[in-house]
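Turn these sequences into a full structure, and let the hints steer you where they fit.
By the numbering used here, the letter at position 74 of the sequence shown is numbered 63, and the numbering carries on one by one without gaps.
Just to be clear, a hint being listed does not mean it is correct.
[Stated by the list, open to error] So the derived label-pair ranges between C-beta atoms look like this:
#1 L30 / R75: 26 to 34 angstroms
#2 R(-9) / W27: 47 to 55 angstroms
#3 L2 / I40: 42 to 50 angstroms
#4 R(-9) / W25: 43 to 51 angstroms
#5 L10 / M31: 44 to 52 angstroms
#6 V48 / G(-8): 25 to 33 angstroms
Source of the hints: derived by calculation from the structure; they are not laboratory data.
Glycine included, C-beta positions come from ideal geometry on N, C-alpha and C.
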Amino acid sequence: MRGIIIGVLVAALIIAIIVFLWPAIMAALGAVLGYWAWKQLMVANSVGEKILYGVLIGVGALVILSNLHGIVTVAIVVALIYFLTRNKRKTTNSNTFDY
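Written as structure tokens, this is what we have:
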């Protein structure tokens, strides 16, 4: 009986995590899709590729906008990653001398 209760509680916890984090997961997938399509659009040569990647950018934006609740979570995670890795990035101006 105890094992059944623990199993039900674990299943409820997994379902709750998925329900609460689903908008964030979908918004992150939309952002990744839009970013990847934007990078591909910059190197595309033919008109067909440009139309395809433009449509994918629009789909990514629609996925983000349809999950507005998840945007806040994605923004917080991105800000945390940015501030944690800010000092580890290489400086852009390596030609100057530090005395």
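Now the hints, each set against the structure:
About 28 angstroms separates the C-beta atoms of L30 and R75, a value consistent with the hinted range of 26 to 34 angstroms. Between R(-9) and W27, the C-beta spacing of about 53 angstroms keeps the proposed range 47 to 55 angstroms intact. As the Cβ distance of L2 to I40 is approximately 44 angstroms, the hint placing it in 42 to 50 angstroms holds. As the Cβ distance of R(-9) to W25 is approximately 47 angstroms, the hint placing it in 43 to 51 angstroms holds.
Checked against the hint of 44 to 52 angstroms, the C-beta distance between L10 and M31 comes to roughly 31 angstroms, which is inconsistent with it. In this structure the hint that V48 and G(-8) lie 25 to 33 angstroms apart at CB is violated, the actual value being about 44 angstroms.
Checked against the numbered hints above, the structure breaks hints 5, 6 and satisfies the rest.
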